[in-house]
Amino acid sequence: MKKEKFFCLQEIIKIIKNFWEKNGCTIVPSLDIQVGAGTFHKETFFNSILSKKFSRIYLQACRRPTDSRNGKSKNRLQHYYQIQVVINPPPKDIQNKYISSLKKLKINPKIDDIRFVEDNWENKTIGASGIGWEVRINGIEITQFTYFQKIASLECNPSTVEITYGLERIAMHIQKKNNIYELIWNNKFKKKIKYKDIFLYNEIEQSIYNLKKSNIKEILYFFKKNIKESKRLILLKNPLIFPSYEHLLTSIHQFNLLEARKHFSITERYNYIYKIRNLSKLIAIKYCIKNNISYNKK
Amino acid sequence: MKKNFILEIITEELPPRNIIIVIKSFYKNIVNELRKKFIKYNKIKWYTTSRRLSIEINRIKYEKKHILKYTKKIKNNNLEKKRKIFVKMQNDLKIIIFNSIKKLNLVKSMHWNDSKIKFIRPIRNVLCMLDDKKVDIKILNVKSKSYTLSHFFMKNNKKIYLNNANEYKKKIKKYGKVIIDAKERKKKILTEIKKKIKKIDINLSIKKKNIEEINNTVEWPKIYIGKFRSKFLKIYKKLIKYVVETIQKCLMIYSKFNNIKKYFIIISNISSKNPSRIILENQNVINERLRDIIFFLKLDNKKKLINNLKKLKKYIFHKKLGTFFEKTIRIKKVSCWISKKIKIKKKDVIKASLLSKCDLLTNMVFEFPEMQGYIGMKYAMKENEKKKIAYSIKEQYYPLFYNSKIPKYKISCAISIADKIDTITGLFIVGEKPNSKNDPFYIRKSTIGIIRILLEKKLIINIVKLIKKSIFSYSKYKTKMYIRKKIIKYFKKRMLSILKKHNFKKCFILSSIKTCKMIPIIIYKNTLEISNYKNIEILKNTYKRIKNITSKIKNLKNTKINKNIINNKIEKKLYSILKIFEKKTKNMIKDFNYKNIFYYINVICKITNLLFKKIFINDKNKKIRINRILILKKVNKQFNKIIIMKYFL
Numbered sequence: 022m023k024k025e026k027f028f029c030l031q032e033i034i035k036i037i038k039n040f041w042e043k044n045g046c047t048i049v050p051s052l053d054i055q056v057g058a059g060t061f062h063k064e065t066f067f068n069s070i071l072s073k074k075f076s077r078i079y080l081q082a083c084r085r086p087t088d089s090r091n092g093k094s095k096n097r098l099q100h101y102y103q104i105q106v107v108i109n110p111p112p113k114d115i116q117n118k119y120i121s122s123l124k125k126l127k128i129n130p131k132i133d134d135i136r137f138v139e140d141n142w143e144n145k146t147i148g149a150s151g152i153g154w155e156v157r158i159n160g161i162e163i164t165q166f167t168y169f170q171k172i173a174s175l176e177c178n179p180s181t182v183e184i185t186y187g188l189e190r191i192a193m194h195i196q197k198k199n200n201i202y203e204l205i206w207n208n209k210f211k212k213k214i215k216y217k218d219i220f221l222y223n224e225i226e227q228s229i230y231n232l233k234k235s236n237i238k239e240i241l242y243f244f245k246k247n248i249k250e251s252k253r254l255i256l257l258k259n260p261l262i263f264p265s266y267e268h269l270l271t272s273i274h275q276f277n278l279l280e281a282r283k284h285f286s287i288t289e290r291y292n293y294i295y296k297i298r299n300l301s302k303l304i305a306i307k308y309c310i311k312n313n314i315s316y317n318k319k
Numbered sequence: 003m004k005k006n007f008i009l010e011i012i013t014e015e016l017p018p019r020n021i022i023i024v025i026k027s028f029y030k031n032i033v034n035e036l037r038k039k040f041i042k043y044n045k046i047k048w049y050t051t052s053r054r055l056s057i058e059i060n061r062i063k064y065e066k067k068h069i070l071k072y073t074k075k076i077k078n079n080n081l082e083k084k085r086k087i088f089v090k091m092q093n094d095l096k097i098i099i100f101n102s103i104k105k106l107n108l109v110k111s112m113h114w115n116d117s118k119i120k121f122i123r124p125i126r127n128v129l130c131m132l133d134d135k136k137v138d139i140k141i142l143n144v145k146s147k148s149y150t151l152s153h154f155f156m157k158n159n160k161k162i163y164l165n166n167a168n169e170y171k172k173k174i175k176k177y178g179k180v181i182i183d184a185k186e187r188k189k190k191i192l193t194e195i196k197k198k199i200k201k202i203d204i205n206l207s208i209k210k211k212n213i214e215e216i217n218n219t220v221e222w223p224k225i226y227i228g229k230f231r232s233k234f235l236k237i238y239k240k241l242i243k244y245v246v247e248t249i250q251k252c253l254m255i256y257s258k259f260n261n262i263k264k265y266f267i268i269i270s271n272i273s274s275k276n277p278s279r280i281i282l283e284n285q286n287v288i289n290e291r292l293r294d295i296i297f298f299l300k301l302d303n304k305k306k307l308i309n310n311l312k313k314l315k316k317y318i319f320h321k322k323l324g325t326f327f328e329k330t331i332r333i334k335k336v337s338c339w340i341s342k343k344i345k346i347k348k349k350d351v352i353k354a355s356l357l358s359k360c361d362l363l364t365n366m367v368f369e370f371p372e373m374q375g376y377i378g379m380k381y382a383m384k385e386n387e388k389k390k391i392a393y394s395i396k397e398q399y400y401p402l403f404y405n406s407k408i409p410k411y412k413i414s415c416a417i418s419i420a421d422k423i424d425t426i427t428g429l430f431i432v433g434e435k436p437n438s439k440n441d442p443f444y445i446r447k448s449t450i451g452i453i454r455i456l457l458e459k460k461l462i463i464n465i466v467k468l469i470k471k472s473i474f475s476y477s478k479y480k481t482k483m484y485i486r487k488k489i490i491k492y493f494k495k496r497m498l499s500i501l502k503k504h505n506f507k508k509c510f511i512l513s514s515i516k517t518c519k520m521i522p523i524i525i526y527k528n529t530l531e532i533s534n535y536k537n538i539e540i541l542k543n544t545y546k547r548i549k550n551i552t553s554k555i556k557n558l559k560n561t562k563i564n565k566n567i568i569n570n571k572i573e574k575k576l577y578s579i580l581k582i583f584e585k586k587t588k589n590m591i592k593d594f595n596y597k598n599i600f601y602y603i604n605v606i607c608k609i610t611n612l613l614f615k616k617i618f619i620n621d622k623n624k625k626i627r628i629n630r631i632l633i634l635k636k637v638n639k640q641f642n643k644i645i646i647m648k649y650f651l
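Chains as they are written, first to last, in the numbering used here: chain A, 22 to 319; chain B, 3 to 651.
None of these hints come from the bench; they were simulated from the model.
Across the chosen pairs, the derived CB separations fall in these ranges:
1. K246(A) <-> K648(B): 56 to 64 Å
2. R231(B) <-> N236(A): 38 to 46 Å
3. E239(A) <-> D203(B): 55 to 63 Å
4. E42(A) <-> Y43(B): 48 to 56 Å
From a predicted model like this one, the values you see are computed outputs, not experimental measurements.
Backbone N, C-alpha and C define an ideal beta-carbon position, used for all residues, glycine too.
So that you can see chain B by itself, here it is in the shape it has in the complex (with noise of 0.2 Å):
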């Protein structure tokens, strides 16, 4: 017995960006749980549209044993039978469906009535059908049809009755005029951009991931012409992109050398018999967006972007932190610092600083703030600014978000660094430090910001001396120890979450934070050093052990080693080899000599094992039980230098 089934939600308009992870978890959902009671089938298959969240499987296998459980009691009437294996099946069907909404992935869900209930967006038509049959189910509330509905503009919603699950896709798009396989709509728009294009120029192209998000806003998506004028053009691209394709959600058009057209591509949700409306509006939408720009810009560049600066006098930054103004100066400071860290010109660093805020004064930012930064860069360049200096304005702000790029020259990296610093401790000043629910100013991304800035860009800066000259910088507030304290330990916090990620184990990391500098570039390279000594199992046993004679005795601070009561052989080499590894590991930190450090370790554990092994520490003398233990301890101070060894056991 093999069936068909169709499931199709209708909905109030979806969020384009998230249709396809809800079906794809949806579908994943139902295949996990015909899986779970063994249900065989040919075919299973997800639709969607900007209204609609479809399942379609085909012929739905129920075996000879699965069916006999169920009709083992009827004999010789196989009309029965095929009835309770109906019912069977859409039981298990019901159950199916219900699991799988119950365990989907709701990125954001909503209330729209009052039941309880929460879904994406509001449902208004549930079609459930098994072959020919109406499988009666509830879906939040909203009962199962037989029936789907047409488009909701041009086909005024109408129902749309099926004698057979397997007459879906193709009814619905006749008589519907709903496309409901996304591929095969995106096809569409494809065939279609490719004939419109050709009549303009056969070189010009689109961009195809663009094309995602726009074909789930649309059921039945045709494809019409506009352009901007012509003097538009010389506005920033990034400007008329944001206008075009984030606003208005059109397609720009681009040539052969990635050079935006004054053409860009509608996608409509209907065939309209009069297109030119639909041209005209989108048109004069756009012209109109792209001429308030020209006002901005023609607003802006009456002055130099440098002028703003002292109108950051009046900016207010934060109540208790001041004005823009004051962070530009800490700004300053802090990078100067830095540049001479980094060996890159201090001038430039003081240039770029000072113009770091401008832009926030432009009458374009305030208009679209998402373009912060890209618009300083863009101004500093028509006043013929350095480039690196130009592009530091647009990428102090980097990276955006958790895992996009970092600054790109090391005049950005010096004011992004210096800049978030300085968010960053002056909140803490003022007693708005982050929580885990709540960070409103951002605190935890601009942290992992300059950790990620300092490992990515090796770039050799201690982060607590950094903190500390930006704590300095706020000269106005009397700051006191444990707030810097308490910044060091987020910090802390934050590298270990970082390097958590490259892999490493948590006591590997915890122990080099400890042992290095908050240098984040060496406490990465110690973490991997230490991640990869191969005998760190034999160095833990040694340590254990000599813990566990050692803590027995007490008060030894003001004793020392006494090395002419030394008298075994054993002994004496473990001393002298002590004596060097003490020396030398200075400068074998500092050059990152592993080779040589886990050398004299792996002779100091062997030793020491010897050491167990021949003689007895606990000796009936005092003076040199003592003296052995005492020795014993600088072998476990000496290991710490290097591995935390608490944070192993």
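One chain only, chain A, in its complex shape (with noise of 0.2 Å):
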């Protein structure tokens, strides 16, 4: 019997931010700081914020926490990776393109159900919100298709546009795999790598440590600390913006790990992310005021 021929993982990689590329978006790299989605990458936040024409392509890690399962779920992990794809202003045929860029991966939209379910994205941390779509494969969701609306709670006209790729959602798909951790990476030279032969023992380890040893009153005072570290510096007389956003993203992590080991409530999870949402607004508004453009409070 023929074997099938499929992509494998850093293939999926290479092919999505060729076409884009070719597309107009310049390829950027990661962020380095821990973060739950690739919109808390700098270039995606301010450039939003400022409205202005870019178009950017990256491969971002993510770390939800509350997501860890110790390794043993198929399909769930506290790490793992998104490309990015974000357009200002969006192009018209914007959902062509996305669907000739999956049909680069050999997806055939005639043969698999490709369909976008409306799923509103919010992030209430950066006072961002969007209307989209997920994008699901045979009910597989892949893709967050976002058009955003706001961003640090100031109104996005004109919108941008953001694509969210999930990496191991896809390259799932196109092996036909049903276990993340036997997606293939890379199977370029004699022995094949394994997505669980870089990845496994991190995911268990960091598993149990976001579910089990964190050490709640240090990751508070950590919180606290990175809160006032990031208001100082943006409360200066000449804001340093950057640092004080980077200070904000890593309270985030921070809140996210504490949701991790339940530490609140419904309730009080809203008093945190309240102060971290204001804190994102002052940075954007002083972002705005650097840049000499008017903003809109709504």
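Please dock the two separately framed chains into a single complex, following the hints provided.
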């Protein structure tokens, strides 16, 4: 029987990057801070506030402490990768382009059922919300497709379009794998390298840390310190916007760690989010002032 | 001259729950606009798919007089006449569409490009034709075309040119693989499902109402049947339904006895050459999700639900208001107090309140927050708790929405009220009271919830006392009097708005709130009684007259009525009946003896009016004059015990 050829993970990354590079996107490196989603990238956050023309693509590692499963779930990880495409203003045929990128991965929309399912994305910590869809192939979510309506509580107009490819999920579909750890990362050489070879032990240890061993008291302390430092930097006479933003991101990750330990209730959670969101708004406003643009507080 | 018209707006995928609202509002607006312009037509229809909003008008008629106005100058030139009419029709339609879009009921709209315009979803193509001619129109910056686009996935969005507007429905189906008519699509789905289900078992069925939403997510539906592993059937029904229907947008299959089966229906948007892939992958997702649930259930079942109570000490409810453990203790205190008032077993209420928040720490609720309460109930039942106690864990969150159902059992009511009042008073104490725009902790909803439970379950509980009790349970906090008053005021406002929905007049409600203690059911009954009182106008006039006379003389606070100087017959009668009334009102109000109350009021009104007729109040003798005024004042005072007259003036 002839073996079916499929793309390994590193090829998938290359193909998506190449496709969007050809469509005018600039490839930028990932952010070097622990974040829960690619949207937190400086390029996306600040450019969307300014609503200036830009288009970027990057591969971003993401961490979701609450999704820790000790390496036991076949399709859920506390650490995974997203490919982020951000374009402003959105091209008219953006949906078409996205489908074309899937075709490059040999996904055939005449055979596989591709659906845009309503899912309006929202991230309360940085006051961001958008209207959009999760894209599903045969019921599997592989992409989030969003038109930003608000970033840092400021209205986005023109809106930025963001396409977030869930790398592992796409690979599972392409490689017909039911288990994330069995994904082929690289098969160029004689020995195949699987996803588990690279990530499994990291996943197990990080899960233990996230769910059991993290020191709540210390993390709470770090959280407060980061918020404080972020505030200090943004309130300087000549505010240091980027360093302040980075401290804010760190504090958000710490907030996520606290959540994984079920440290607070819905009510209390809101108070934390409120604090972070106000700070992110302040950073955004200072950024607008520095760049001499008007902003809509609505 | 009769012409056909078609307008189709193609967008990116529309929100399935709102499509019908939008298209119906569009349709209604167009009908109204046509009427305004006195344009007649044969039929007007709306169509929708996941990506389209269309309006078709058949045989638009322009009558002779209509045409004459515009073709007066042209004589003997039929062609020119026709052209002119055509232009006129085009212009009319443009205005109609423009106005209809402007007034569209968009549930939520968005920006998608650099124009300032917002619409429900990005518009990608507009088809607009009148018979065989394109109507040039711009809808939110998108110019109209004489072509439509075919199925996005199956036909690559290919252009389909129309020769005439009336070809639309047929051509888009034949060449475009789009069934534009929602009803037709639904029919196709239903018949296909029936066929497929028959192959498994004749007696199986689906819930038809669930199809509506899914029908709005497709253009070319195709049905497949998938199944999950039968071992997952032992998972709680609601969880399976949540995964399959709410998350995965598939349909469950039911047996004759309403049991769910391991089969589910996938409604895809394409007819694939290789449907096995679609089925397999959908199955995989659902199986994985259900496996995750089993994993959580196993984890949770290692411990008893009540064991989580201790852990609640670490789970913060609110930074300033402490942990969920403390909240539980407060709920216990308040619900015990309620149990006495509504006569239920204290022991059961204590058990229920201690269990009430324990499921918040289960892995299931952490993963599916929507299932809070339900999970607690299921776990409690598994641990052989009494049915009522188990249900109270679920029902403490009722009513979930403003109009949804209230708790069924009395225990549930007690826990629900205690939980809600605790949140309300707590947040008022720490100064996080809601305002009109912002109510992040759903204080408004909770307040209305409490009032609705008390009203609809006819529970005799005084809200003022309830608030006092709740504040008292926050023993750590020194609560000032004005905070209690603020909470009471907040409740009164909500009480007013709820009773308004019962079609009572504002003045009656306000009066009842003032005269009755804050017991919702009594306030309701009182409002109902005084709303039905027929002689309110006479009463009002009497009151006004007394008020006019008595207000002129002040400083009467310490003077009392002197019985001995009453020299008039009518006056004497009035005085004696007032005395009787004063004695009796207490019991009459308590016993809801409104028939008697209104009888006395009628008599008092009558005599008072007679008094005005027969004698001169402002007698020359100062003592007599003041005595009379004092009696009249007493009359108004008695009135105010029943109906607060100032609200009626």
